[in-house]
Amino acid sequence: MPKTKLAGMEIEIDEDGFIQEPDKWSKEVAEDLAKEESSVHPMSEDHWRLVNYIRDYYIKFGVAPPVRMLCKQNKFELKYVYEMFPKGPAAGACKVAGLPKPTGCV
Amino acid sequence: MTKAAPAIRERHQGTREELSNFLLSKLNRNLDVYFQTCQRCGLCADSCHYYRATGDPKMIPAYKIEQVRKLYQRQRKDWRRKASPWIPRGDGLDEEELQELKDVVFGRCTMCRRCTLNCPMGIDTGMIMRAARGMLTLAHKAPKGLQDTVDIHVKTGNNMGMDSEEFVETVKWMEEELQKDTGDPNAKIPIDKKGAKHLWVLNPREVKFFPLLLQAQAKIFHAAGESYTLSSKYWDVTNYALFNGDDKDATTIAGYVLGEADRLGCDTIICTECGHGMRQLKYMAPIWLKRSNFKVRAFVEVVANYIQSGRIRLNPAVNKERVTYHDPCNQARSGNYIEEPRIVLRNSVMDFVDLTPHGRNNFCCGGGGGALTMSEYRKWRIEAAKVKADQIKATGAKIVATSCHNCIDQLTEINRQYKLNVKVVNTCELTADAIVLPRRMFLSTGAPVDVGERGYLKNPALWNHEVAQFLANNERIGELKDQHWQVLDYVRDYNSRHEAWPLPQRIDKDLGVNVRRLFPGSPEVVFKIAGLAEPGDQIKWHAVGVQDS
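Heads up: the sequence lines are chains A and B, in that order. Heads up, the first sequence is in the numbering used here, so the first residue is 1 and it goes up one at a time. Heads up, the second sequence is in the numbering used here, so the first residue is 107 and it goes up one at a time.
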């Protein structure tokens, strides 16, 4: 597994850029990851709301939340979610939130 | 609402003996012939996108086949070993060797089967790779991302671990969106509807992350008035065990969907735009499950059928930009769906161009064979995609459409890596945008006139010349001239006398015109413009002989 420098720390990532050491995730790491994934940098309040929601959901259930939950729980329009993370909620937002790569066609 | 994290299940790790036995169990006549006939002539080299992009001889299909063949040769328990015990037993399969084999069969081949077409012997590399992949899976050497996808699928019934409740909620949400989009409060996306004609199966990617694709397809079904249903339990078309070579898991997964088709009484399964999902259900499931009493249709095939039979009407003018189509390997090469997507796109967009080469000879996007789930081989995956990037650049297209969720993700990545500046979309999105739904016109007096989904007047009593001209525009006939009016008056008169439709040849004979030339398109067009009531399932023709008057 390659390593990369995020927020001044050496962190193991997979080739698709998903971090492999979830314990090392922090706000600074997320900002660094967001440089490529997010529509604005630094991330806006809405971005953070989404990222925190994904992370909490993952810690609770062990899987990434479906986009319906992202929209419903945070009162976001579906289009807005894709705008915030142009690669989509799976490849974009989940990466910033420090989740492993979701299974399936992603 | 509690959800348990889908724990990855326990799997048995094969011993050396078992690995050897597995390989031999896969050695059927085809495989044996392939191994014996491969001349290492190298004609396959140029057909492989890995080799074309890198020029590395280790990427040549014949080299990859050779690696598997060598392995097989050593497993042979023939007389020679008994007669000459000094020949090294060499079952091999040590760590290092397995790792090397893994790189070959998982990392350097997407099982796209393009080399099969170029091979003078017709050697199916995909089949050989699958045998070797199966052995590696048994040895717990399959890439983690791929194996996790299979494990979650076997465990939860879909490859993203969504629970049934969440699925139903998402579908309901999209049903609301569909109602908003079409303006029809009765638009439904049926779930668990027994006795529906078709079972529609989805890719979890669209349910979990891109639900608008689900809505786009439902809109097409809605416009066509299709009888279909989703299953709330097993609705996942994918089967990654096709790629990891584990027949047992593959059978289980394919059995999920077929079990639901039985439960709901559907004889036909419509697969969403998923390449391998269609292929595994249509061509592999009958072998795995030893049954063939079901039909499988790809979504593009269904839509092409709607277009040709006039069940949906499209206005390509809404998609003005140049569009090209990427043929998913599993659909074009392994499924023979070559004309269908082109029928769909030529009717959905204004400017359609093909890639060179395309159809059966199309290059793999680079993400096939489950490559997208194997992060460890990303470097090769992106490198090999150069071929596809060049192909797309050459067309000058602004939009790349495809009908496979796996290809979509890989194409999106190519788009970014090679800075193509195109938009990557599913074919169904373009079609759904172009769909012409029932509409309402306003007469010069201000009175509204409604036209039904199939293009018939909702209230035939409102027919007059203004309405007829509007309907003619609707069918792209243009301005109605004297001869048109003559035919329309005749049809209306005939219908009121016989309460049935005259055969077109009857009109031709009686009026001395050519109806099909005056009203091109579907034979129904002339009756729609004449303002006849919408017929039920069966049109009532007045089938009295043409001589009879």
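If you're looking for bench data, these hints aren't it; they were derived computationally from the structure. One should not assume that every hint holds.
Subject to a maximum C-alpha distance of 30 Å in a straight line, what follows is the list of computed DSS-like cross-link-like pairs (lysine-lysine) [stated by the list, open to error]:
| # | chain 1 | residue 1 | chain 2 | residue 2 |
| --- | --- | --- | --- | --- |
| 1 | A | Lys72 | B | Lys299 |
| 2 | B | Lys354 | A | Lys79 |
| 3 | B | Lys278 | A | Lys75 |
| 4 | A | Lys79 | B | Lys247 |
| 5 | A | Lys87 | B | Lys299 |
| 6 | A | Lys24 | B | Lys499 |
| 7 | A | Lys79 | B | Lys176 |
| 8 | A | Lys60 | B | Lys339 |
| 9 | A | Lys72 | B | Lys261 |
| 10 | A | Lys3 | B | Lys485 |
| 11 | B | Lys250 | A | Lys3 |
| 12 | B | Lys250 | A | Lys75 |
| 13 | B | Lys426 | B | Lys485 |
| 14 | A | Lys35 | B | Lys492 |
| 15 | A | Lys24 | B | Lys485 |
> Out of the numbered hints, which ones does the structure contradict?
Replying inline: Those not satisfied are hints 2, 4, 5, 6, 7, 12 and 13.
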